[in-house]
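Participant: Spelled out, the chains give:
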Amino acid sequence: MNTRLLPLYATLLICLIAYAACLIQFPAMFSTRVAGNLLTDNAFLGIAAVGMTFVILSGGIDLSVGSVIAFTGVLLAVLITQHGVHPLVAFAVALAITTAFGAAMGIIIHYLQVPAFIVTLAGMFLARGMCFVMTTDSIPIDHPFYAALQGVFYRLPGGGRLTFIGCLMVAVFVVGMIIAHFSKFGSYIYAIGGNRSSAELMGVPVARTTIGIYAMSGFLSGLSGIVFSLYTSAGYSLATVGVELDAIAAVVIGGTLLTGGVGYVAGTFVGVIIQGLIQTYIVFDGTLSSWWTKIVVGVLLFSFIGLQRVLVVLSLRRSAAPTGG
Amino acid sequence: MTDKANVLAVEGIGKSFVGFKALDGVDFSIRAGEVHALLGENGAGKSTLIKVLTGVHQPDAGVISLDGQPVHVRDTHHAQSLGIGTVYQEVNLLPNMSVADNLFIGRQPTRYGFIDRRLMERRAREVLAQYDLHLDVASDLSRYSVAIQQLVAIARAVDMSGRILILDEPTASLDRHEVEILFAMIRRLKARGLGIVFITHFLDQVYEVCDHVTVLRNGKLAGSAPTSELPKLDLVKMMLGRTLAVATHGDRRHRPPPEERQLSFKGVGRSRSIAPFDLDIGEGEVIGMAGLLGSGRTETAKLLFGIDAADKGEAWIDGRAVRIRTPQDAVALGFGLCPEDRKSDGIIGDLSIRENIALALQAHRGWFNRLPKREQTAMADRFVKALDIRTTDIEKPVKLLSGGNQQKVILARWLATNPRFLILDEPTRGIDVGAHAEIITLINELCDKGLALLVISSEIDEIVAYSNRVVVLRDRTHLGELSGDEITTSNIMQMIATETGEVPA
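Chains as they are written, first to last, in the working numbering: chain A, 1 to 325; chain B, 1 to 505.
Keep in mind that a hint or two might mislead.
[Claimed, not checked] Derived Cβ-Cβ restraints for the label pairs, each shown as a range:
id, chain 1, residue 1, chain 2, residue 2, range
1, B, 437, A, 302, 58 to 68 Å
2, B, 234, A, 112, 51 to 61 Å
3, A, 286, B, 366, 52 to 62 Å
4, A, 309, B, 33, 47 to 57 Å
5, B, 375, A, 313, 38 to 48 Å
[As the list claims (entries may be wrong)] Mimicking SDA-like on lysine to any residue, the simulated pairs with C-alpha atoms at most 20 Å apart in a straight line are:
id, chain 1, residue 1, chain 2, residue 2
6, A, 184, B, 107
7, A, 184, B, 95
8, A, 184, B, 116
9, A, 184, B, 117
10, A, 184, B, 68
11, A, 184, B, 121
12, A, 184, B, 112
13, A, 184, B, 77
14, B, 220, B, 208
15, A, 184, B, 111
16, B, 51, A, 88
17, A, 184, B, 51
18, A, 184, B, 109
19, B, 51, A, 200
20, B, 266, B, 278
21, A, 184, B, 108
22, A, 184, B, 138
23, A, 184, B, 230
24, A, 184, B, 110
25, A, 184, B, 266
26, A, 184, B, 114
Source of the hints: derived by calculation from the structure; they are not laboratory data. Glycine included, every Cβ here is placed at the ideal spot set by N, Cα and C.
Put together the whole structure using the sequences plus the hints.
Facilitator: Right under this line is the structure:
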């Protein structure tokens, strides 16, 4: 068996066990309503986590995600309510800005050879600061187009709602998987994450790919901001603080190696769902503090990092002693 | 030169780096269907020459011509498109990706904009089948041994370039069986008419697979001849280039070997690193370790000092069995090591002379038992005087000192811990000639003080000058020991060059 798939299987198993445990305690959780809400409530996190998956696969990190989501929300609110811009135009403007912002960080990371951690940390402060420059208030968005989009859903048998943003997240994951496994760009990401200097020697366009990765993460953060704005119908400067960390957690729980080169977009999906499941459980229980989500996620992260180390050590030992070693 | 056309020829190539001539008027040519060995000690200019050929460096002088036409190699990609492919010592592949990905990354076949995996994997199987390699091309490269990875790297280079193949120490991390597989591939490629440049330190391998030898020394061409016309002894002389001047040796050599050699290593070895060897050292004794680069000298030092854990053998000190698994163990037993690469492994350039000297002793005392600054200063002053370290101030950063003085600082660091056994790996490398003599005098003095010393050096004259006994290495095996009057430059060279056919497991 391919040990590379082991973390993914482990994640899937944990997800199923967790769901089964929830069901034993609260049989009501077995409904399309819960499933539909799981997708809707985690749509913005899932979309951002796809971008984060690519960044981490390449051996980098993007800390600006949460701030960019908030920035997008505030920008949309200001454009739509104060300047009368149509939401679709506002969406395009927001995506253009966040993509350019991501690309700029990628350029700095590649050409100035600054660690991604520092560059995106600066990006995080910058984007958050820009929110406050635009407004310090929470601005509600009340636009017929928003109402229309929020009204789009597919009613599942059993009363669940497959909303527009839920479907969008699933679509982003599907596109992400196709990029990761069937495009040259995707193979370059894995190559850079595997060994950057080898990749360069082998003719991988490292500059173009690095910039593309962060531009994509910026784009998906912007898209996530749009989804979050549809989800909450508001723009607020202090929203989504620390979402980048939730996204990183989802990626790691999904079996992607933090050092890059190994992982699956599908794993990230399961990672997002596990986090959502814990939250749903807390809602059903009604007495637990929502901080239990953090505790469980923390424990899961520790165990997954431990599992990854064990697998790395095992594979090193195996490759060290092949022929007569 | 005219019987068979040169595919690639360089004439009068020169390349300088800030005042240092890495290559000086070197001629080199390779014909189709020829395996050409490029030899030389560290710093002889081999890698600079390769980098000029592959477009990493631009030469300051000289002409590179391909099929008789002068070319200007712009960068590595241009070199590849000209048909010059390179495989480096450290396999430069992507172990996290599939074999097929590794063969085709950067040029994967696509269909409707997406990678056509099926076609890519079929082509990968075809490429590998040429070498009778039948791998599961869809599985990760990391599943295969270093040797197979090396073959995949070669297959990739040949598939992309296909005229000239440069192999930079491809056998360095392979065992004997794997080397055979690699050689089979080289012979096959030779038969296909490729020109192959083969860089290695193993002379046996040169005679086994190469048609022609070119030797570089100090950036100059030391000689070039068909392998069949060049006896091994001449080759060694060509590489080491000593004028065989008679070294002045004192009486030291005639000192009777101590009856009891307190430090004794029996059958110590590590697979893929060095074949098991025995070594006994007594107090007040200097053992010289001679051999070409890559013969296992540094590997021996690493085993003795616990940097690499030995996988067989045992060590005895004062008749007591000891285990040396980490450098900490070795330091606790009173060992010291001055490594070969001062800059990366030895000195800490930004720290002062005082701090560098105090380092090992501080480590010895533990974290919480800080050495008072007054004591550090006194100690540094003492060693600066004793070893004649030329500096204006003991608070000067070590990186500002000359090579010889840096070497003395490292030596002082270990002497401060009052060691009983000191290993010096190339103590005179990269320092000026005047400082050589000082280091040698120092070695003799230390020996007089009752230290046991193991000195590794490529400078055979120096080894002859200070050693009580000399251990000669070749191909990661300890060949034997010379003592007393047997220690002469020519005997050592003879021993390095002799044919044995024995190879490490």
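Participant: Work down the list of hints and note, for each, if the structure agrees.
Facilitator: Tested hints:
no.: 1; hint: B:437 <-> A:302: 58 to 68 Å; verdict: holds, 59 Å
no.: 2; hint: B:234 <-> A:112: 51 to 61 Å; verdict: holds, 52 Å
no.: 3; hint: A:286 <-> B:366: 52 to 62 Å; verdict: holds, 55 Å
no.: 4; hint: A:309 <-> B:33: 47 to 57 Å; verdict: holds, 49 Å
no.: 5; hint: B:375 <-> A:313: 38 to 48 Å; verdict: holds, 42 Å
no.: 6; hint: A:184 <-> B:107; verdict: holds, 9 Å
no.: 7; hint: A:184 <-> B:95; verdict: holds, 18 Å
no.: 8; hint: A:184 <-> B:116; verdict: holds, 10 Å
no.: 9; hint: A:184 <-> B:117; verdict: holds, 11 Å
no.: 10; hint: A:184 <-> B:68; verdict: violated, 38 Å
no.: 11; hint: A:184 <-> B:121; verdict: holds, 15 Å
no.: 12; hint: A:184 <-> B:112; verdict: holds, 12 Å
no.: 13; hint: A:184 <-> B:77; verdict: holds, 19 Å
no.: 14; hint: B:220 <-> B:208; verdict: violated, 25 Å
no.: 15; hint: A:184 <-> B:111; verdict: holds, 11 Å
no.: 16; hint: B:51 <-> A:88; verdict: violated, 54 Å
no.: 17; hint: A:184 <-> B:51; verdict: violated, 29 Å
no.: 18; hint: A:184 <-> B:109; verdict: holds, 9 Å
no.: 19; hint: B:51 <-> A:200; verdict: holds, 16 Å
no.: 20; hint: B:266 <-> B:278; verdict: holds, 5 Å
no.: 21; hint: A:184 <-> B:108; verdict: holds, 7 Å
no.: 22; hint: A:184 <-> B:138; verdict: holds, 16 Å
no.: 23; hint: A:184 <-> B:230; verdict: violated, 50 Å
no.: 24; hint: A:184 <-> B:110; verdict: holds, 8 Å
no.: 25; hint: A:184 <-> B:266; verdict: violated, 55 Å
no.: 26; hint: A:184 <-> B:114; verdict: holds, 7 Å
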